[in-house]
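*Asks:* Using the sequences and the hints, build the whole thing.
Spelled out, the chains give:
Number of protein chains: 2
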Amino acid sequence: MREVALVGAGMTRFAKHLDRSMKDLARESIDNALRSANINASALEAAAVGNAMAGLITGQECIRGQVVLREMGIGGIPVINTENACASAATAFHIAWLYVASGMYDVVLAVGMEKLFHQDKSKSFEALGSAIDVELMQQTLEQMKTATNDGGEDAGAGKSRSMFMDFYADFARAHMREYGTTKEHFAKIAAKNHTNGSLNPHAQFQTPRTMEDILASPMIADPLTRMMCSPIGDGAAAVILTSAERAKQYTAKPVYVRASVLGSGKDRKPGEPEVTERVARKAYEMAGLGPQDIHVAEVHDASAPAELIIYEELGFCKHGEGGRLIDEGATLLGGRLPVNPSGGLLAKGHPVGATGVAQIAEIFWQLRGEAGKRQVQGAKVGLTENGGGMLRGEAAAVAVHILTV
Amino acid sequence: MREVALVGAGMTRFAKHLDRSMKDLARESIDNALRSANINASALEAAAVGNAMAGLITGQECIRGQVVLREMGIGGIPVINTENACASAATAFHIAWLYVASGMYDVVLAVGMEKLFHQDKSKSFEALGSAIDVELMQQTLEQMKTATNDGGEDAGAGKSRSMFMDFYADFARAHMREYGTTKEHFAKIAAKNHTNGSLNPHAQFQTPRTMEDILASPMIADPLTRMMCSPIGDGAAAVILTSAERAKQYTAKPVYVRASVLGSGKDRKPGEPEVTERVARKAYEMAGLGPQDIHVAEVHDASAPAELIIYEELGFCKHGEGGRLIDEGATLLGGRLPVNPSGGLLAKGHPVGATGVAQIAEIFWQLRGEAGKRQVQGAKVGLTENGGGMLRGEAAAVAVHILTV
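Each protein sequence line maps, in turn, to chains A and F.
All letters in the first sequence, in the order written, are residues 1 to 405 by this note's numbering.
All letters in the second sequence, in the order written, are residues 1 to 405 by this note's numbering.
By construction, these hints were calculated from the structure, which means they are not laboratory data.
Where chains are identical, the list cannot tell them apart; a pair therefore holds if satisfied intra-copy or between any two copies.
35 Å max Cα-Cα, derived DSBU-like pairs, lysine-lysine:
id, residue 1, residue 2
1, K248, K269
2, K123, K16
3, K248, K282
4, K373, K248
On a predicted model such as this, the values are computed, not experimentally measured, just so you know.
*Replies:* As structure tokens, then:
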């Protein structure tokens with residue numbers, strides 16, 4: 001397979017964009033990505049488009065990417081529409097990478113986009129509920145319709161984010177029982193990410209928070225307070241991929257894709273590693289690198305405990321030592337391995353089908369030294385981890401990417 | 001890129017399967033494909049899954065493939081869910097091909113699946129309506145809800161299949177005006193496909209029809225009678241891909257993928273070829289073959305006039321000569337270039353997200369000499385053309401594949 005490089009990235013601010021369409025958001029991100037790569041849209045040879053929920057929210061299924069791209073004059077090229085729940089955008093990136101790595105195309109767009117806010121909130125929550133097996137979970141949808149949080153910072157107490165937060169609360173409690181992890185550990189992670197988000201103009205929430213702020217926010221599902229849960233949001237992110245040999249035509253600072261691995265959950269045998277760990281191992285092997293080589297990571301902190309457990313699954317520390325890692329400050333901006341300098345899903349926001357490409361965009365900027373106030377000094381190797389959906393206790397889809405300059 | 005081979009194929013009968021779930025249909029097709037390849041499910045390294053409309057019909061979005069595969073014990077592998085309207089399954093096949101061609105994986109499943117019939121018919125038609133730009137066409141959806149055809153052979157006169165048939169009727173009338181094509185030409189094509197379908201145990205309609213039968217069936221949108229329009233249906237199809245070098249491990253009769261090309265519509269400049277023609281040219285170039293080399297083809301006859309126009313776009317004859325081609329009997333079973341020996345969308349049926357893989361499966365059987373009563377004698381080179389969606393007068397997605405033994 002050919003070596004693949006990123007030469008441009010763009011994204012919208014993640015936010016509640018009630019007045020903007022998905023087309024409008026996607027256009028902004030694609031325009032920015034093209035501009036940053038000094039590439040005209042006519043140079044694009046193919047596109048992979050991630051979106052999780054437009055079908056259920058707007059009724060637009062089937063050709064979501066073409067509808068968005070034709071509106072901005074991009075036509076004729078192969079367009080692959082893909083969805084993998086919260087990992088839809090990383091899956092789109094993986095396909096775009098495959099197009100270039102295979103030698104099939106030289107200049108490929110990957111875009112992730114989502115418009116979750118709707119005047120009728122029940123639509124947003126019904127869509128989120130489709131990231132599980134809907135036949136098995138019909139009753140859960142009914143509960144969700146009556147217990148919603150609109151993601152605003154002023155939402156009232158006692159509202160449930162979605163049944164995903166119940167899953168996360170279960171995982172969190174199990175980790176606390178097994179390893180002595182505390183809610184303060186989770187609060188430290190959330191405080192880190194909210195504080196990082198305050199340095200990121202793309203973030204949905206830009207208010208720095210302390211551990212005390214996090215613990216004082218309303219309880220969603222014990223031990224999760226609202227600020228430990230990612231909000232819903234609207235937004236889009238886009239990147240341009242090309243072959244390593246062509247990359248220098250477009251930029252003096254290409255970012256190389258060293259590993260692109262997608263996996264899904266399964267019915268594990270006793271002792272088998274969890275899906276994120278399995279996918280990460282393959283990614284490290286593909287890159288010829290290990291967790292000790294990573295300088296910066298963007299991971300799927302749909303909840304604060306998820307980030308703590310992901311530290312362990314990615315090998316940033318041993319199993320059970322995620323709490324110690326955050327206590328040591330290792331994953332803070334300025335620590336030895338900053339995680340979610342962008343603010344992560346907790347503060348940057350989580351427009352579902354946009355998140356995976358936004359993570360890649362953040363690492364692109366970090367490795368090029370273009371991340372502004374949230375820059376990780378000297379970062380040369382970055383990792384992204386994007387997870388989505390839920391089936392029988394494992395994520396339905398997980399994608400890990402490793403990038404270097 | 002590596003050479004890719006097909007080693008197994010399976011499908012359900014296409015039909016109105018009101019009593020069967022999409023999971024159940026997909027399982028049957030995958031089981032059959034694995035069995036025909038002598039491959040255990042545990043050997044699968046990745047899967048690409050095409051489905052167009054489950055989100056709007058069943059509420060299952062996001063992880064459609066995982067939900068189906070986990071149910072049959074297939075987990076852990078990368079699962080790429082893709083949709084491209086009526087070309088969803090060919091897009092899934094294209095991704096599966098890319099996985100093998102790139103060298104990323106050796107044994108990959110491509111599956112297309114659709115469950116369109118629903119107790120509430122308005123759901124089926126709303127879903128079909130999402131294959132266009134829904135913002136622009138909201139009003140058309142309203143029309144469709146009041147004018148439906150359930151695809152049964154006994155449906156009443158005057159019911160409209162969907163607004164796609166209005167598009168097809170427009171194209172048909174333009175062709176008649178420009179080239180002197182007649183409704184009898186379209187009727188001959190429909191009679192051919194219904195008669196072919198009568199030889200195919202997988203076909204939704206298995207009654208042979210004459211040109212007179214076709215012309216006597218109820219008018220849908222002049223010149224289209226109901227038997228010139230594909231029905232809606234339920235079904236699934238699956239194939240197993242591997243590298244050419246590994247293929248002989250599994251079968252003495254591998255079928256090789258010589259070209260896999262996807263494209264989309266665009267705003268054409270005057271004189272530019274239409275999307276199907278552009279995609280076909282690239283496919284011929286990739287295969288190092290031309291239309292004169294094709295022995296059998298499965299094409300997207302969503303309506304009978306569509307097949308006639310596709311003859312021209314694929315280069316089976318010159319522009320304007322599609323009518324002459326069917327008059328000569330060239331595309332009949334027994335003709336020099338049989339088209340849609342399976343019965344095509346008109347008679348085999350058109351469960352949207354299953355069609356593209358079912359076309360590939362048919363060519364697989366034809367090239368291996370396993371097509372029973374509908375066998376094209378001596379077929380060594382086959383082509384499939386699968387189109388989907390509509391944007392500003394061109395198909396939103398078209399995929400052409402060329403296969404050989």
